[in-house]
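**Q** For the record, the sequence lines run as chains A and S. For the first sequence, full-length UniProt numbering gives the first residue as 1, with consecutive numbering after it. For the second sequence, full-length UniProt numbering gives the first residue as 1, with consecutive numbering after it.
Since the hints were made in silico from the structure, they are not lab data. Be aware that a few hints might be false.
Claimed, not checked - Stretch-level coverage of chain S by chain A, calculated; a stretch enters the list once three of its residues show a Cβ under 8 angstroms from a Cβ in chain A:
| hint | stretch |
| --- | --- |
| 1 | 50-56 |
| 2 | 91-104 |
| 3 | 198-209 |
| 4 | 221-227 |
| 5 | 237-245 |
Stated by the list, open to error - Keeping only pairs whose Cα atoms sit at most 25 angstroms apart, straight-line, the calculated SDA-like set for lysine to any residue is:
| hint | chain 1 | residue 1 | chain 2 | residue 2 |
| --- | --- | --- | --- | --- |
| 6 | S | 338 | S | 353 |
| 7 | S | 11 | A | 303 |
| 8 | A | 176 | S | 204 |
| 9 | S | 176 | S | 274 |
| 10 | S | 11 | A | 130 |
| 11 | S | 169 | A | 7 |
| 12 | A | 169 | S | 176 |
Stated by the list, open to error - Computed Cβ-Cβ distance ranges for the label pairs, DEER-style:
| hint | chain 1 | residue 1 | chain 2 | residue 2 | range |
| --- | --- | --- | --- | --- | --- |
| 13 | A | 66 | S | 120 | 20 to 30 angstroms |
| 14 | S | 16 | A | 169 | 40 to 50 angstroms |
| 15 | S | 164 | A | 152 | 18 to 28 angstroms |
| 16 | A | 338 | S | 126 | 54 to 64 angstroms |
| 17 | A | 17 | S | 371 | 23 to 33 angstroms |
| 18 | S | 360 | A | 311 | 27 to 37 angstroms |
| 19 | S | 72 | A | 234 | 53 to 63 angstroms |
| 20 | S | 333 | A | 228 | 40 to 50 angstroms |
| 21 | S | 126 | A | 179 | 46 to 56 angstroms |
All C-beta atoms, glycine included, are put in the ideal place defined by N, C-alpha and C.
Number of protein chains: 2
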Amino acid sequence: MNNFNFWNSTKIIFGAGEIASLSNEIPAGARVLITYGGGSIKKNGIFEQVTAALGHVTWFEFGGIEANPHFETCIKAVDLVKTEQIDFMLAVGGGSVIDATKFIAAASKYAGDPWDIIATFGGAVTDALPVGCVLTLAATGSEMNPTSVVTRAETQDKLFFNSEHVRPKFSILDPKTTYSLPPRQVGNGVVDSFVHVLEQYVTFPANARVQDRFAEGLLATIIEEGPKALHDPENYDVRANLMWSATMALNGLLATGTPGDWASHLIGQELTGLYGLDHGQTLAIMIPAIWTYKLEQKREKLVQYGQRVWHIQETDPNLIAQQAIELTREFFESMGVKTRLTDYGLDEKAIAEVVAKLKEHQFVALGEHGDITPEDAAEILKLAL
Amino acid sequence: MNNFNFWNSTKIIFGAGEIASLSNEIPAGARVLITYGGGSIKKNGIFEQVTAALGHVTWFEFGGIEANPHFETCIKAVDLVKTEQIDFMLAVGGGSVIDATKFIAAASKYAGDPWDIIATFGGAVTDALPVGCVLTLAATGSEMNPTSVVTRAETQDKLFFNSEHVRPKFSILDPKTTYSLPPRQVGNGVVDSFVHVLEQYVTFPANARVQDRFAEGLLATIIEEGPKALHDPENYDVRANLMWSATMALNGLLATGTPGDWASHLIGQELTGLYGLDHGQTLAIMIPAIWTYKLEQKREKLVQYGQRVWHIQETDPNLIAQQAIELTREFFESMGVKTRLTDYGLDEKAIAEVVAKLKEHQFVALGEHGDITPEDAAEILKLAL
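Taking the hints into account, I'd like the entire structure generated from these sequences.
**A** Here it is, written out as structure tokens:
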């Protein structure tokens, strides 16, 4: 096991009806900016629950944050923060809304060019407004981590930053908020949380047994509960299990003492930046392709994954690994998320464009061994056609 | 799944050599009281590592904290804190040292009778000195939770308190510090962490699948690694896996959304208070007895435990449950921890004394259903003879 630091100070308030506890979590007298996305929260009663709990503060709202939130949109919110002297940010939505809110929180306290925050991967951040969350989608884990992904629409750059200053002070997770999600978002969320686990697990052995078993437990839970969320959308325990799985998948716990891959995320980010694919879609495309390309390096963990999570009975390690890849692909497809570039109308021409973006962003040494070059990425993308 | 709050702000610094990072964690200019136990840290080099990292502060020391730390000992330390104007507490040891240090930290800031802290189960605590830990024994989980157990020697009362004010700011977990532990402490530590998981898992089903699988993952890891720690004491990964298991077993994660039993702990506490049994010994005695007495209520989870953790192939639920109890007893015994009252020279006479103490402490409705009365406890103790 590698040495590690683990520190996660976000308070989680979990369960049906817990949006009401906002009244305890935001200081009286605060000037709160409620941020949200396309406006579904105004149709499904969530906005009403939130504002009902905010009787003790002055609140403003900023809607219209898009999936893969735009830097340009966030900058408009920063103007509002300054005009209205906001001192508390409340994200109500999924990962995109939370990520945007983290960026707004940091940019509102940053004196220089706000793009510096992204360009330094968060290193430039020395302060931020406090962030709280009401989560409405089980997927990204942003509700309990210090990471944010923002896209500059103008240049098609989708990039992340990390800063402890933007880690949510609290996140309210009411599984009922996810009942009304469209199937596409459910599928993407399941793939996203599943792949977060895989990125920290299907690498090479580190004899970190707790972390491996936690990973396997999350994967097994998502496999069991994911399809039920599509077919029985108002099953509370299903939604609760998926929501807690997604949070646990990327709150730092699985990363303790273990190597991480993240090539699927970083190559996938370029697919979203360039072509607007959903984040979950890019991961469903990249995972089987990267694993096929890197089968030899990843074989030992693929075998462990195949045996413990999929209960594959083969004895030949290569067969187990291949079956594990196929079962993973089938699982993604069963969630309604296609797994090939051509399923999304992309062909060989995309490969050079993605590779150029990887080079531009200096993502030239990816994967748990840091040995995936842009040329390797091109080979991987061919396997993903 | 039940509603829950989860909040754990302790920073964990894990791995070989990390004691040196004390220099980053304790503010310059602090006046630090190093607390420790019987003095083994002065023989195995840990004290030297700690003081070498404390060049930037003024430090004092308070040794001699006993296992199941005494209220009376803690009060002496409080005097030293006041005399030397200590403003940071650094526990170097296992759960007993950390628990004592939490109490000292709270009592040093408490104006009234310090026993109030215990008598109110922590409710009286409104402030405490900051606590940091260097853990030297994988067992209690105190390094990442707000709980402390203190014994009043004078009255043979062993009781716990909880307060967020005493939650460690940081804990340094270097698995190498556990290499030189005597087998009895290794065995007790393994039983203690194993039972912490069981208390939060072998109850009744709550459809909390992540929590169940995390519990099963910890149990499987402790079963695999525990015996190795006895036979191959300087195996780093074994010690690391046990240390991280013990911390995860009682840091609040398994308790999220699930019922808890804790009858073994509360009845066991009286055995320690009255007769001085090691904490791990009392748990090894109580678990098989309580499960046997409550087999019907616990059957569903005992079957899940038997199948998933012990891979029992029987089909009859009662047989699976019984075998699970037997395998658990055998595991404790294999760690050198005996599982019957008579193994420790106790007989029927102890039963009435324990029952009287339970009544005195108002522990009259124990277990996950709150239905274990002192009379039930007497029956359970008979099964433990």
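**Q** Against each hint, give a clear statement of whether it holds in the structure.
**A** Against the structure, the hints come out as follows:
1. Here's how the stretch 50-56 of chain S fares: 0 of its residues keep a CB closer than 8 angstroms to some CB of chain A, so the rule of at least three is not met and the hint is violated.
2. Counting residues of the stretch 91-104 of chain S whose CB lies closer than 8 angstroms to any CB of chain A gives 0, so the stated coverage by that chain is violated, three being the minimum.
3. With 3 residues having a beta carbon nearer than 8 angstroms to a beta carbon of chain A, the stretch 198-209 of chain S meets the requirement of three or more and the stated coverage holds.
4. For the stretch 221-227 of chain S, the assignment as covered by chain A holds, since 3 residues bring a beta-carbon within under 8 angstroms of that chain's beta-carbons and 3 suffice.
5. For a cut-off of 8 angstroms, the count of residues in the stretch 237-245 of chain S with a CB near a CB of chain A stands at 5, and the three-residue condition holds.
6. For the hint linking residue 338/S to residue 353/S, the alpha-carbon distance of about 21 angstroms falls within 25 angstroms, and the restraint holds.
7. Distance restraint check for residue 11/S and residue 303/A: the Cα-Cα separation of roughly 33 angstroms exceeds the 25 angstroms cut-off, and the hinted pair is therefore not satisfied.
8. Only pairs whose Cα atoms come within 25 angstroms are accepted, and residue 176/A paired with residue 204/S is accepted, the gap being roughly 24 angstroms.
9. Proximity of residue 176/S to residue 274/S is assessed by CA-CA distance (about 34 angstroms); at most 25 angstroms being required, the pair is judged violated.
10. Taken as a hint, the residue 11/S and residue 130/A pair is honoured in the structure, with Cα atoms around 20 angstroms apart against an allowance of 25 angstroms.
11. A distance of roughly 10 angstroms separates the Cα atoms of residue 169/S and residue 7/A; the hinted pair therefore holds under the 25 angstroms criterion.
12. For the suggested pair residue 169/A and residue 176/S, the alpha carbons sit about 34 angstroms apart, so the restraint of at most 25 angstroms is broken.
13. For the pair residue 66/A and residue 120/S, the supplied restraint of 20 to 30 angstroms is violated, since their beta-carbon distance comes to about 51 angstroms.
14. Our hint of 40 to 50 angstroms for residue 16/S and residue 169/A is violated, since their Cβ atoms are close to 33 angstroms apart.
15. The hinted range of 18 to 28 angstroms is not satisfied by residue 164/S and residue 152/A, whose Cβ atoms lie roughly 41 angstroms apart.
16. Distance hint check for residue 338/A and residue 126/S: the Cβ-Cβ separation is about 57 angstroms, which falls inside the suggested range of 54 to 64 angstroms.
17. A hinted range of 23 to 33 angstroms for the beta carbons of residue 17/A and residue 371/S is consistent with their spacing of about 28 angstroms.
18. In this structure the hint that residue 360/S and residue 311/A lie 27 to 37 angstroms apart at CB is violated, the actual value being about 52 angstroms.
19. Distance hint for residue 72/S and residue 234/A: a CB-CB separation of about 57 angstroms, consistent with the stated range 53 to 63 angstroms.
20. Here the CB-CB span from residue 333/S to residue 228/A is close to 42 angstroms, well matched to the stated 40 to 50 angstroms.
21. For residue 126/S and residue 179/A, the Cβ-Cβ distance of about 41 angstroms falls outside the hinted range of 46 to 56 angstroms, so the restraint is violated.
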